[in-house]
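Chemist: Listed here are the chains, written in short residue letters.
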Amino acid sequence: MKIDMVVIRHPASGAPRFLADRIESNVINAGDGTHEHPTQGLLDLLTLRSHLGSLEGKRICICGDVLHSRVARSNIWGLKALGAQVAVCGPRSLLPGAITDLGVEVFGRIEEAIGWADALNVLRLQLERMERGYIPSLREYNRIFGLTRARLERAPKDLLILHPGPMNRGVEIDSDVADGPHSVILEQVTNGVAVRMAVLYLLAGNAPALADAAKADSA
Amino acid sequence: MTAPLFLTGGRLVDPSQGLDAVGDLLLIDGKVAAIGGTIAGPEGAHRIDCAGQIVAPGLIDVHVHLREPGREDVETVATGAHAAVAGGFTAVAAMPNTRPVTDNQATVSFVKRQGEAAGFARVYPYGAITVGQMGETLAEFGEMVAAGAVAVSDDGKPVENAHIMRTALEYAQTFGIPVVEHCEVMALAHGGAMHEGTVSARLGLKGIPAEAEEIDVIRCILLAKLTGGHIHLCHLSTKGSVDLVRWGKDQGVRVTAEVCSHHISLTHEAVEGYNTNAKMNPPLRTARDVEALQQGLKDGTIDLLVTDHAPHHYDEKEREFADAPNGIVGLETALGVNVTWLVERGVLTIPQLVDRMSCLPAKVFHLPGGTLRAGALADVTVFDPSRSWVVDPAAFKSKGRNTPYGGQTLRGRATRTIVGGRLVHALDG
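For the protein sequence lines, the chains are R and A, in the order given.
The opening residue of the first sequence carries number 1 in my numbering; numbering runs sequentially from there.
The opening residue of the second sequence carries number 1 in my numbering; numbering runs sequentially from there.
Same shape as in the complex, but just chain R (with noise of 0.2 angstroms):
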């Protein structure tokens, strides 16, 4: 049919890989099982330097459910990528067991990831992890890892607030964290328009140089 582009989100983690190996169309990942959400990646990333100006030496933490979390590891790959110090943040049950393997370094409490980061991106955690008994419940959840106002007024320095949406209020993060003066959320929201626009412009033809130099990084 000569489809030019696929863009697919997909509960099986390696669907777009899968796609890809076997149609000529570009592929786009659009959010593939627990594997990797490129361009929330690239969404974060735009917001971090936009605030933060270079990345590099920075640290970012990301806290919440990392086990199941496709943006987690999209994070993690660009952040490195870009020089920043990366680090994990929540429950044993909710991290991978070889996640330092990554190169990220991990806090069991939150307040540790508060005293470290420059910037915390703060993960979805779905209500079904209570189900299938990863966690005992959503409220001791916030009680000990949700991000609050009066755990953020305790650290030491301005932090930034990210988050991928849709939040939870009230269990990974308190709303007035949400919708205070340190959360860049909504911006992650505009930016993902921008960043989505650049990615299908690219993979359209446009400025071909840029987007072969994409897919001789990633190959």
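Note that these hints are calculated values from the structure, not bench results.
Ideal Cβ positions, reconstructed from N, Cα and C, are used throughout, including at glycine.
Check before you lean on any hint, since a few could be wrong.
Taking CB as the label site, the calculated pair distances span [as the list claims (entries may be wrong)]: (1) A:Glu211 / R:Lys157: 36 to 44 angstroms; (2) A:Glu316 / R:Arg169: 41 to 49 angstroms; (3) R:Met197 / A:Glu316: 48 to 56 angstroms; (4) R:Leu19 / A:Arg373: 56 to 64 angstroms; (5) R:Leu200 / A:Glu316: 32 to 40 angstroms; (6) A:Asn326 / R:Arg169: 37 to 45 angstroms; (7) R:Glu153 / A:Glu269: 40 to 48 angstroms; (8) R:Val106 / A:Arg345: 31 to 39 angstroms.
In silico EDC-like links for lysine to aspartate or glutamate, alpha-carbon gap of 20 angstroms or less [unchecked claim]: (9) A:Lys397 / A:Glu72; (10) A:Lys206 / R:Asp101; (11) A:Lys298 / A:Asp20; (12) A:Lys31 / A:Glu43; (13) A:Lys298 / A:Glu344; (14) A:Lys317 / R:Asp21; (15) A:Lys206 / R:Glu128; (16) A:Lys317 / A:Glu116; (17) R:Lys80 / R:Glu105; (18) R:Lys58 / R:Glu111; (19) A:Lys206 / R:Glu131; (20) A:Lys31 / A:Glu116.
With the hints as your guide, set chain A onto chain R.
Modeler: Showing chain A alone in chain R's frame:
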């Protein structure tokens, strides 16, 4: 009666009688008539020059899935037994996770008859441990053994109920058969699709920890210790399992164990790119596990090599990794893989390899064969350990094409396979 077969000038390797010497082998009326030295071949014998080749007791694979009855589109007893002889195996034991499950004398005898009708490798049926492999009620071991079952297993999944496993280990003693366990704690494996480690973390695939296997390994060893029964552990994949079996053997427990050719040759890195032909259960593990499995095989902790030959339809494997079925075909690559990874790298000698692919499977499962003593079954494998060949799945006799070795160059290949004195496979015509 077929003409006598007269195999001349090969290297006769038969660990069952401590034989490793160049000499002749004469097969008459389905039996070994004479072995060793220079033999005067009788008139009319079909002479096969085996110079430069290994002449060994027929290889036996005690862990294959032949899919019949139920999934004849994927494999039949006949195509599986044909694949077996093409790979140098003169006998296979077929797992009972068929549809319907081989959990009764009628189905056992059906599988056995299909094997006899096919006329390739000998096919020894397994019976299920529990009715329908549901883990609740013991299947009728006695009737199944009378119909030809050589062991019982619920392979594909474990017998999760420890009381049922205990009872199986007790009850099987009447019939002198091993109880064969697929070691896995399903609740801990929790739907995982590959080994839990660096690669699963990177690929975002749910992992199966090594402990999901090891906890069942030690449970089975302890139940064998309790009952005095013979437990045989399927397809070990982790270093921890090797250590636990070594402990069990040191304690005098009747535990035997097997390892698959893929687990001594490949690691979880093979999954990279979401390669569904590297998906099996138990999964490919780490280089450290591969090393421990090789050492376990060398020091005798692991008794024998198997394939866990598991054909799947192309369409079933051609999909998302997490949803693809477990298993790969192995009958036509196992000898080459074993020679390439074990013999060429100095882990096993040729006689040790023959021991673990023929003599020990026969001994552990009380099967005929595994020896070339005069009077024994004329089941013989002739193979060239230095022959290089490229794996071409399209050329398999098996209906299954699902192999991670496609396109790879292996060393070591069967050139003649003889079952009951009949030449049933000859490479190069």
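Chemist: Each hint needs a verdict: does it hold in this structure or not?
Modeler: Status of each hint after checking the structure:
1. A:Glu211 / R:Lys157: 36 to 44 angstroms: Once the Cβ atoms are compared, 42 angstroms apart, the range 36 to 44 angstroms for Lys157 of chain R and Glu211 of chain A holds.
2. A:Glu316 / R:Arg169: 41 to 49 angstroms: Because 43 angstroms falls inside the window, the suggested range holds.
3. R:Met197 / A:Glu316: 48 to 56 angstroms: 39 angstroms Cβ-Cβ, so the 48 to 56 angstroms window is violated.
4. R:Leu19 / A:Arg373: 56 to 64 angstroms: At roughly 58 angstroms between Cβ atoms, Arg373 of chain A and Leu19 of chain R fall inside 56 to 64 angstroms, so the hint holds.
5. R:Leu200 / A:Glu316: 32 to 40 angstroms: Taking Cβ atoms as reference, Leu200 of chain R and Glu316 of chain A lie about 34 angstroms apart, which means the hint holds.
6. A:Asn326 / R:Arg169: 37 to 45 angstroms: 41 angstroms, holds
7. R:Glu153 / A:Glu269: 40 to 48 angstroms: Since Glu153 of chain R and Glu269 of chain A have Cβ atoms about 46 angstroms apart, the given range 40 to 48 angstroms holds.
8. R:Val106 / A:Arg345: 31 to 39 angstroms: Between Val106 of chain R and Arg345 of chain A, where Cβ atoms are some 37 angstroms apart, the hint holds.
9. A:Lys397 / A:Glu72: Holds, at roughly 14 angstroms.
10. A:Lys206 / R:Asp101: This hinted pair holds, its Cα atoms lying about 16 angstroms apart.
11. A:Lys298 / A:Asp20: Answer holds: Lys298 of chain A to Asp20 of chain A is near 18 angstroms, not above 20 angstroms.
12. A:Lys31 / A:Glu43: Given pair Lys31 of chain A, Glu43 of chain A holds - Cα atoms ~17 angstroms apart, limit 20 angstroms.
13. A:Lys298 / A:Glu344: Within the cut-off at roughly 14 angstroms; holds.
14. A:Lys317 / R:Asp21: 15 angstroms, holds
15. A:Lys206 / R:Glu128: Within the cut-off at roughly 16 angstroms; holds.
16. A:Lys317 / A:Glu116: 31 angstroms, violated
17. R:Lys80 / R:Glu105: Measuring from Cα to Cα gives roughly 12 angstroms; hence the hint holds.
18. R:Lys58 / R:Glu111: With a Cα-Cα distance of about 18 angstroms, the restraint between Lys58 of chain R and Glu111 of chain R holds, given a limit of 20 angstroms.
19. A:Lys206 / R:Glu131: 17 angstroms, holds
20. A:Lys31 / A:Glu116: Measuring from Cα to Cα gives roughly 18 angstroms; hence the hint holds.
When the structure is compared with the earlier hints, violations turn up for hints 3, 16 and for no others.
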